[in-house]
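So the chains spell out like this:
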Amino acid sequence: FLYVHRDPMLKKRDDFEDILEERRNCSDLRYALKCYTPVVYKGLTPCKAGVLKNMVLQSDQLHYVINQVSKETGKAPEDVQEEASAILEEMAHRMQLSTVRFFAFTLCKVFKTLFRSICVNEEGIQRLQQAIQEHPVVLLPSHRSYMDFLLMSYILFTYDLALPVIAAGMDFMGMKIVGEMLRMSGAFFIRRSFGGDKLYWAVFSEYVKTILKNGLAPVEFFLEGTRSRTAKSLTPKLGLLNIVMDPFLKGEVFDINVVPVSISYERILEETLYARELLGVPKPKESTSGLFKARRVLSEDYGSIHVYFGQPVSVRSLAEGRVNRCQFNLTPRHIPKRPSDDVHSFVNAAAYRLVRAQEENMVLKPWVLLASLLLQNHHQDLDQDRALTEEALWLRDVCRQYGAFLHWPDHVPPSEVVSSSLDLHRGLVRISEGRVRLAVEHAGPSEEQLLNQAVVVLSCASYRNQALHVFLRPALLASAMHIATSSNKQEVFNSFSFLRNMFSNEFILCPGATMQDFEEACFLLVKTGVLQITEQEVLSTHRGHRTLAFLTRMMDPFLQGYQVICMFLCEEASEALTEKTFIPAVRGFMVKQLLSGRLRYTEVLSSDLQKNALAALLRLGAVLKTKGYVDY
Amino acid sequence: MASNSSGGSSDRQRIAQQRLSIIAGHLQRPEDGEWAIGAEECKAQGSKPNVSSKGRTVPRRRQEIMKWNGWGYVDSKFQFNKKGQAEFTGKRYRLSGMVMPALKEWFESTFGASLQHKTPASAIPNSSAVQPPILNEAFVEDLKSTGIPFSQDAEDRVFRAHGHCLHEIFALREGKVGRVPDMVVWPSNHNDVVKIVELACKHNVCLIPYGGGTSVSSALECPPEETRTIVSVDTSQMNRILWIDEKNLTAHVEAGIVGQELERLLNESGYCTGHEPDSMEFSSLGGWVATRASGMKKNIYGNIEDLVVHIRMVTPQGVIEKSCQGPRMSTGPDIHHFILGSEGTLGVVTEVTMKIRPMPEYQKYGSVVFPNFEQGVACLREVLTLITNVFAGHALKPQKFYITKFKGFDPNRLCVATLLFEGDRERVLQHEKQVYDIAAKFGGLAAGEDNGQRGYMLTFVIAYLRDLGMDYYVIGESFETSVPWDRVLDICRNVKERIIRECKERGVQFPPLSTCRVTQTYDAGACVYFYFAFNYRGLSDPVHVYEQVEHAARDEILANGGSLSHHHGVGKLRKEWMRETVSRVGMGMLKSVKDYVDPGNIFGNRNLL
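Line by line, the protein sequences give chains A and B. For the first sequence, the residue numbers in full-length UniProt numbering are 1 to 632. For the second sequence, the residue numbers in full-length UniProt numbering are 1 to 609.
Please note that a few of the clues may not be correct.
Claimed, not checked - Under the rule of at most 27 Å between Cα atoms (straight-line distance), these lysine-lysine pairs were calculated in the BS3-like manner:
| hint | chain 1 | residue 1 | chain 2 | residue 2 |
| --- | --- | --- | --- | --- |
| 1 | B | K504 | A | K250 |
| 2 | B | K591 | B | K322 |
| 3 | A | K109 | A | K176 |
| 4 | B | K575 | A | K250 |
| 5 | B | K176 | B | K195 |
| 6 | B | K118 | B | K82 |
| 7 | B | K441 | B | K364 |
| 8 | B | K575 | A | K42 |
| 9 | B | K91 | B | K67 |
| 10 | B | K195 | B | K575 |
| 11 | A | K213 | A | K237 |
| 12 | B | K504 | A | K213 |
| 13 | A | K53 | A | K112 |
| 14 | B | K67 | B | K176 |
| 15 | B | K176 | B | K247 |
| 16 | A | K250 | A | K42 |
| 17 | B | K441 | A | K53 |
| 18 | B | K441 | A | K213 |
Source of the hints: derived by calculation from the structure; they are not laboratory data.
Sequences and hints are given; from them, build the entire structure.
Have a look at this one:
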């Protein structure tokens, strides 16, 4: 137990600057047409888009794979080369300053209508500017909204920084004009799945590496792979991270700077959209007309956005002592190889670390705390002025003690903070006669009513989820104490370890860090006077009861969700399930349980939770996946 | 190919004379057209027994002509004169007596050094500063009876206790002396060495062979933990060419001969070896064999392992040699390869039969400027078969203006390749044209013969420059590696950057000099030299900082697919990386050879393993 915890309260975080403020006072057109001369990578040899394509097509890597594919398929190398060229054509960005300016102009208008402010930490911008000059840069923003990458480019343009090329999902391409415009503002498109397609992978990875190695532009992608519908961080995807680290590991660049960026929305544009999606109402296909229908969205107030550019992380220092770079000495570097075990675990650990860095710098609004409280009390009304405000202030203090990046305006009276938060999210709450509760009708016997209720609950949960990473470790400990048969320290640790293992598809828990997480949880709870820990025992204090109750209640919906899924697998799923039918079957089972009152938390209807639980059970060997069907 | 009579003897003589003046061009200053050494006419007949060595030899008391705490001859060094201009003293080199006004500016701007801040070397330590010798009396008695000269003089011993690593020279300049040999012995032939090794085994004393003393791998440092008598076996008096075989184009030479003398003596007979390492003025044939040396003309003549036909080495188990001089054998692993690179851990190399070649009829220098290092390397790769050197970022004087102004070359990025063509006149001119044509493809511009020759001269005087730096708070060194072609640019960039970064992290106050050049080319890769120097004002332990940075740079080299060493060897400086370099089994093989050949660790310099 040698874990030394840095005091989270001492963590210095930068101040924010509202970039919309200036826009409200002067011409958007002048802004969009401003002189744009970003600093560039010191080793940059500038080249045009066509040159970039040639570099990719003529690279040794691609040549090797083209010949390989040609041998395997019997196609002529020229034909495979053609294919590669076509893939590249479909993929490549065509950044154009004029389009960027057009976007800058339009986004100005849009942002000013939608948001009160867009706050950016300028010190982060300065660090980024420095980083861009020194080494190739990879930008890793969190992904909660379609807005994310437009917003990123907008900010970089505003600060006169090099515009990134952005890995975007192919589904955007469906939007004819918008897709092309995104391409011209620096997006490149990748297919969602291309598992076995060697050629596609080779073109794609070479394209990204060529941009990165030559420092042509910062490369931006989403570590989480897709937008998180729950506002929880998603388990990082390693594909692109592997690709961008490769040039460093193979010595093709001296170093690479990876910059985690945390984008927090006070109110998410896709709020109810996500909730519906999680409940199984299919996701509307991205289409240009669909986007315009979303114009209704424009008339609402979405509060403010906080964008925090984190400390650039040097891949070289991450890899120091973890990866033996000599392993690349014995085969030509252009021959594609599966990452070795140590490279894989290094990239995986780095990915978790970077997602954690995103989480830590997420700005939490007061509403996040209110949502947590309202969810826990959603069967009863709370007195707004006394009960809710008092609870919120208590939670605010706990939150701060845990080192959360909480944006609570201390100069405003607490009751005003609460009421303005409630006002912004008035769609999710009911206020009558000074009493507040979630906007859920008391569920009648119908499934439809239940789903309507669930939409609100899940929307609300997505705000609570923003704070989950703050409470996660203490909450796991609190639940562990709850389920442990005694207060014996080893026993509590075992329960903690079990829960942590169970939930490691649900939350961001770094692989192999059970001990650190336990230590951190103990540290925080002891520090705040909730627990007393002796050599042998973990004991709760009298005044710690309130915190422990809050923390266990926070975990409850997840615990119950996993339980009910196990129940379903034991009781109902007698026939072999396929992956496709699993979700609807589970959902049906849950609805029955909810309607009969045997289940308490509507939240369990989230398909995200159901998928995570299945993945966890698979991982733990409780469920087996066989060819063609799922067995258990 | 052998001595063809078509030339006639006067022609032969003329060529030899020309060749000598070229060697003199970069080694020695011509003395008003009058040459002390005349080219000797060769008769096309069998072997010539006992070719005499009437020229200079390395004296037993080396300190009389060579610096005891720096590079080269006592009379030759860079210094700033009273006007603050740099000059090179003495009469030995083309540069000698010249004043170089630009050097001061370069020196000051590159290192942030100042002539006001001096760090002079201390005087030669008196014998009281040197530990008294540990003497094995019985050994000394027996040695006396053999009549082989030896010495226990402190100066003699200190002189042979070091090579030319930065830390070794730095310590000497501060007057610090560690463990030194207890005696120096000067065998004059193979049989003397046999006697010495027998006596050493009999009395259990430690022998450390000493050739030219130009090691840069801590190979000559005496292990401080050695409690036996350490005897430095100075081979400098074994310096004769024993015979030349013109039919087979070989020469049998005693291994203590130094490079310049070997070349001079062979030239007298119209031959050369073509082995020209940068240290050839001082380094010895035996040392080349023991370290797997490489010369800058290796593309035409080969490295030392290509040049030796036969090696004779005295070990504690007896003499090892092959039974014939066949040009190649399939007789199991080549035993020469146990000797080549053994770094004095197995025995003393006493005699070597080497390939020789008639001296080239015609020689021409040249140089090419490239817009950047990348283009230069790409060109070199294509020109492969010729002797070429690439200097990165080495600025030129005369054409600099033209090149940067009219050709748009960036003066901070341009790179110069120096060229040397050898062979018959027609072929040289043809080759030259080919090379310049290739160079043009890579954006190269011919930059004249002078620059080429200057480039070559620089390789000989560069070691003297370090001594100048050390007078003014600047320390530095060069180190080398070999690397596949596809890695050359990556390794250069990454190692240079690593050096700069490490210096910053370790508190070096001034930006360091961190540069590199490609010095040798092979089909499968190249040899890369790194030059690293910095101004150490403000550091309390500059040598330690230097060593940490060099260590980090070596890690970086290995991580980028470079070798532990191309030709400097391992010594004690790079021992820690040997296992990962040659694998555990490889280490076991080397160890078992050592265990068999020298079970008593008589050759106890503790290099390599």
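Verification of the supplied hints:
1. B:K504 with A:K250: Roughly 24 Å separates the two Cα atoms, so the pair holds.
2. B:K591 with B:K322: holds (22 Å)
3. A:K109 with A:K176: Satisfied, since the Cα-Cα distance of roughly 22 Å is no more than 27 Å.
4. B:K575 with A:K250: Judged against 27 Å, a Cα distance of about 25 Å means the pair holds.
5. B:K176 with B:K195: The hint is violated at about 34 Å.
6. B:K118 with B:K82: holds (14 Å)
7. B:K441 with B:K364: With Cα atoms ~22 Å apart, K441 (chain B) and K364 (chain B) stay inside 27 Å; holds.
8. B:K575 with A:K42: Distance of about 37 Å is beyond 27 Å: violated.
9. B:K91 with B:K67: holds (16 Å)
10. B:K195 with B:K575: violated (31 Å)
11. A:K213 with A:K237: At roughly 21 Å apart (the allowed maximum being 27 Å), K237 (chain A) and K213 (chain A) satisfy the hint.
12. B:K504 with A:K213: holds (24 Å)
13. A:K53 with A:K112: Between K53 (chain A) and K112 (chain A) the Cα gap is close to 37 Å, so the pair fails against 27 Å, i.e. violated.
14. B:K67 with B:K176: Satisfied, since the Cα-Cα distance of roughly 16 Å is no more than 27 Å.
15. B:K176 with B:K247: Not satisfied, since the Cα-Cα distance of roughly 52 Å exceeds 27 Å.
16. A:K250 with A:K42: holds (20 Å)
17. B:K441 with A:K53: Holds. K441 (chain B) to K53 (chain A) sits at ~23 Å (cutoff 27 Å).
18. B:K441 with A:K213: holds (25 Å)
Of the numbered hints stated above, those contradicted by the structure are hints 5, 8, 10, 13 and 15, listed in ascending order.
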